[in-house]
Amino acid sequence: MDGIHDLGGKEGFGRVRYSPEAQAFHAAWEKRVNALYSFAVKRGIFNMDEYRHAIERMEPRHYLSASYYERSLTGLATLCVEKGVVTLEELQRRAQGSFPISAPSAPGRSNVPQRASFQPGDRVRVRIEHVPGHVRMPGYIRGKTGIVVGESPTYPFPDAHAHGVGAVDEPTYDVRFRAEDLWPHSADPALVHVGVFQSYLERAD
Amino acid sequence: MSDKTHVHQATASVEQRVAAIEAAFDDRGMKPLETVKELERLADDQWVPQNGARVVARAWTDPAFRQRLLANGREAVLELGLSMPPHHRHLVVLENTPTLQNVICCTLCSCTAFTLIGLPPDWYKDLEYRARVVRQSRTVLGEMGLHLPPEVEIQVWDTTADTRYMVLPVQPPETVGWPEEKLAGIVTRDSMIGVARL
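From first to last, the protein sequence lines are chains A and B.
Using the numbering used here, the first residue of the first sequence is number 1, and each one after it goes up by one.
Using the numbering used here, the first residue of the second sequence is number 1, and each one after it goes up by one.
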């Protein structure tokens, strides 16, 4: 989905609130929710692709205003409700208040049938596709051309794995793009690399 | 006609919402507490940047290890007793040079090689870094205090799959000859993310 989470290249954001001493956690509940979602993954209640997608499905205003660990919390709660572990009514009763969860999912998809294998140095183009369910292609590379610089072992295909759809594992390719090609006349010169699933790519001439 | 079934209720605090989920797990006999405590301990004690610092120090002092690390990071870190979660099937180590600065990010969420470089700091997961570092890399690095001369090329790596990346910083020349343990002490988390040089 072309969701609010897909932030790469979005304009209007200010300075990074950076400190060399920055911590991962700021409150006990943050550490607790991080452990609780890992616990749920370990228990097999949901997998990491389902978890990422549950966060992506947050109502956009909520997504943008929530802290990182509130997004974790919302993804965890959404999947516990969707998987039948607990009802939203029970969660709200226990929390003694409203408990916002994410919007329902669109259907997932399996691997793209015609997939090519690539070698480092190959020129590839990211397919122009708008996938309604989970997808790990950041919007800023859609339709763009780059060069393969690396290949990974095979991974579960996220577009399927987030939805319980059957699929074969496939590799990702580290693809090198020029920032100037991604945002013509509107980016700092750099080489930008993205790990792109095989299904998202086609050969470029 | 007023809708009497629609009751507006204030949003519960995050603490109350976390406690509600934990209580629901507990009520179903799932016994979350023991695992949760263990996961919290791992986050505090085990997933720390000192792991990655040891990898960097070894790579600086052992050229054969450096080659193995660059060829297959996941295998090489095992030599130091370090590991990655099973779903992180690949570790790409990005070697900086005096004229090349690598920097990692995750524009879609917060992915990192957390067992090696530590759980990501708040700013890495914030909207600003995720939105801007791919497009305004030199500007963002400068704002964060890393002012790179024009001859230094920037390579950004967006962690969009379960391959993980870590930056191998340039060894400061004055530290050549130091023992490995002392070298590990100068390697920062942010130098392995690529937003700082040593």
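If you're looking for bench data, these hints aren't it; they were derived computationally from the structure.
These numbers come from a predicted model, not from an experiment.
Ideal Cβ placement from N, Cα and C applies to all residues, glycine included.
Some clues are possibly wrong.
Okay, derived cross-link-like pairs now, DSSO-like style, lysine-lysine, Cα gap no bigger than 27 Å in a straight line [said to hold, decoys possible]: (1) B:125 <-> A:42; (2) A:83 <-> B:31; (3) B:182 <-> A:42; (4) A:83 <-> A:42; (5) B:125 <-> A:31; (6) B:37 <-> A:10.
To give an idea of the chain A side of the interface with chain B (calculated C-beta under 7 Å), a few residues [stated by the list, open to error]: (7) 29; (8) 81; (9) 187.
Cβ-Cβ distance ranges computed for the label pairs, FRET-style [to be verified]: (10) A:128 <-> B:33: 24 to 30 Å; (11) B:149 <-> A:83: 29 to 35 Å; (12) B:63 <-> A:84: 51 to 57 Å; (13) A:13 <-> B:63: 40 to 46 Å; (14) A:87 <-> B:70: 36 to 42 Å; (15) B:86 <-> A:20: 30 to 36 Å; (16) B:62 <-> A:165: 24 to 30 Å; (17) A:61 <-> B:72: 28 to 34 Å; (18) A:123 <-> B:29: 24 to 30 Å; (19) A:21 <-> B:174: 21 to 27 Å; (20) B:143 <-> A:26: 21 to 27 Å; (21) A:60 <-> B:150: 37 to 43 Å.
Hints, verified against the model:
| no. | hint | result |
| --- | --- | --- |
| 1 | B:125 <-> A:42 | holds (23 Å) |
| 2 | A:83 <-> B:31 | holds (18 Å) |
| 3 | B:182 <-> A:42 | violated (37 Å) |
| 4 | A:83 <-> A:42 | holds (15 Å) |
| 5 | B:125 <-> A:31 | holds (15 Å) |
| 6 | B:37 <-> A:10 | violated (38 Å) |
| 7 | 29 | holds (5 Å) |
| 8 | 81 | violated (10 Å) |
| 9 | 187 | holds (5 Å) |
| 10 | A:128 <-> B:33: 24 to 30 Å | violated (49 Å) |
| 11 | B:149 <-> A:83: 29 to 35 Å | violated (53 Å) |
| 12 | B:63 <-> A:84: 51 to 57 Å | holds (55 Å) |
| 13 | A:13 <-> B:63: 40 to 46 Å | holds (41 Å) |
| 14 | A:87 <-> B:70: 36 to 42 Å | violated (51 Å) |
| 15 | B:86 <-> A:20: 30 to 36 Å | holds (32 Å) |
| 16 | B:62 <-> A:165: 24 to 30 Å | violated (45 Å) |
| 17 | A:61 <-> B:72: 28 to 34 Å | violated (44 Å) |
| 18 | A:123 <-> B:29: 24 to 30 Å | violated (55 Å) |
| 19 | A:21 <-> B:174: 21 to 27 Å | holds (24 Å) |
| 20 | B:143 <-> A:26: 21 to 27 Å | holds (22 Å) |
| 21 | A:60 <-> B:150: 37 to 43 Å | holds (38 Å) |
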